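Novice: Sequence:
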Amino acid sequence: FPTRRSTDLIADAKGYTATLRLSATAQDGRLAQFSASGTVITFKGFLDAYEEGRDVNPDLTADSGKKGAKDEDKRLPVMAEGDALVLIGQTHGELGASLYLREVLGREDGAPPPVDLKLEKKTGDFVRDLIEAGELTVVHDLSDGGLAVALAESTLTGGTGASIDLAPVLERDGIDAFTALYSESTARALVTVRSESDLATVVGIAEAHGVPVARLGTTDADRLKVKDVLDLGLEEMRAAHTGTMARYFG
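Residue 9 is where the sequence shown starts when you use our numbering, and the numbers rise one by one after that.
It is worth saying that the hints were derived from the structure and are not from the lab.
Any given hint might turn out to be false.
[Stated by the list, open to error] In silico DSS-like pairs for lysine-lysine, Cα to Cα no more than 25 Å straight-line:
{"#": "1", "residue 1": "Lys129", "residue 2": "Lys22"}
{"#": "2", "residue 1": "Lys233", "residue 2": "Lys126"}
{"#": "3", "residue 1": "Lys22", "residue 2": "Lys130"}
[Stated by the list, open to error] Just the calculated beta-carbon pair ranges, DEER-fashion:
{"#": "4", "residue 1": "Leu28", "residue 2": "Ala105", "range": "15 to 25 Å"}
{"#": "5", "residue 1": "Lys235", "residue 2": "Arg29", "range": "38 to 48 Å"}
{"#": "6", "residue 1": "Gly23", "residue 2": "Leu107", "range": "40 to 50 Å"}
{"#": "7", "residue 1": "Thr27", "residue 2": "Lys235", "range": "17 to 27 Å"}
{"#": "8", "residue 1": "Pro176", "residue 2": "Ala254", "range": "20 to 30 Å"}
{"#": "9", "residue 1": "Leu107", "residue 2": "Tyr256", "range": "37 to 47 Å"}
{"#": "10", "residue 1": "Gly90", "residue 2": "Ala175", "range": "19 to 29 Å"}
{"#": "11", "residue 1": "Val211", "residue 2": "Arg29", "range": "44 to 54 Å"}
In this text the structure is predicted, and so the values were computed from the model without any measurement.
For glycine and all other residues, C-beta sits at the position ideal for the given N, C-alpha and C.
Construct the complete structure from the given sequences, taking the supplied hints into account.
Specialist: And the structure:
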């Protein structure tokens, strides 16, 4: 794992796109076809600021992610029980061309959320400053599937549940719980911080950048709970996430 300066965290990412297609016959005789496309990143650039569950470097020193770290690229620590969960950015009713629309409703219509490049840069600068200040334990982008998917992926990766209250976001942004969970509004991120003092620092830096933030809750136990909306065990979520191929092909 090469070491790079933190200025690389705001450089453009580089890579190439690969497509995989598989065909197989299920046990009941039905033909199943799978197609997946993805981007292979050869230089992460700004993407390296975001937490990815499979990209864990076991050779990091114990000082990685601590406050006062040198001006180098360091992997963020894993989310732990007791961390505060914070939503960065504002959520709008933007479900066009969304993952929910496609996978749940079987539709591929509507305009995707508009991209405000100035807002993206402001949010990115804010997240970068928090990383360099050592205030964050996890950073997860909000894109396909919105906040719901980000919460699921973060808790599964961290191995700890979370208790979430959407009320601050619903009141501030004038939206309902469904929109808060599945909207794919841009210029947002889900982050965690270790302590109340770190949270106060994040709020202060957010005010300086003019970026809205809202505390969602705390990581705890072994269930993902969203008040008045859902309550799912991590093992139930993990089984749904990893068991698809086994269910269809044995």
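Novice: If a hint holds in the structure, say so; if it does not, say that too.
Specialist: Structure-based check of each hint:
no.: 1; hint: Lys129 / Lys22; verdict: holds (18 Å)
no.: 2; hint: Lys233 / Lys126; verdict: violated (34 Å)
no.: 3; hint: Lys22 / Lys130; verdict: holds (22 Å)
no.: 4; hint: Leu28 / Ala105: 15 to 25 Å; verdict: holds (23 Å)
no.: 5; hint: Lys235 / Arg29: 38 to 48 Å; verdict: holds (42 Å)
no.: 6; hint: Gly23 / Leu107: 40 to 50 Å; verdict: violated (21 Å)
no.: 7; hint: Thr27 / Lys235: 17 to 27 Å; verdict: violated (41 Å)
no.: 8; hint: Pro176 / Ala254: 20 to 30 Å; verdict: violated (39 Å)
no.: 9; hint: Leu107 / Tyr256: 37 to 47 Å; verdict: violated (21 Å)
no.: 10; hint: Gly90 / Ala175: 19 to 29 Å; verdict: holds (21 Å)
no.: 11; hint: Val211 / Arg29: 44 to 54 Å; verdict: holds (47 Å)
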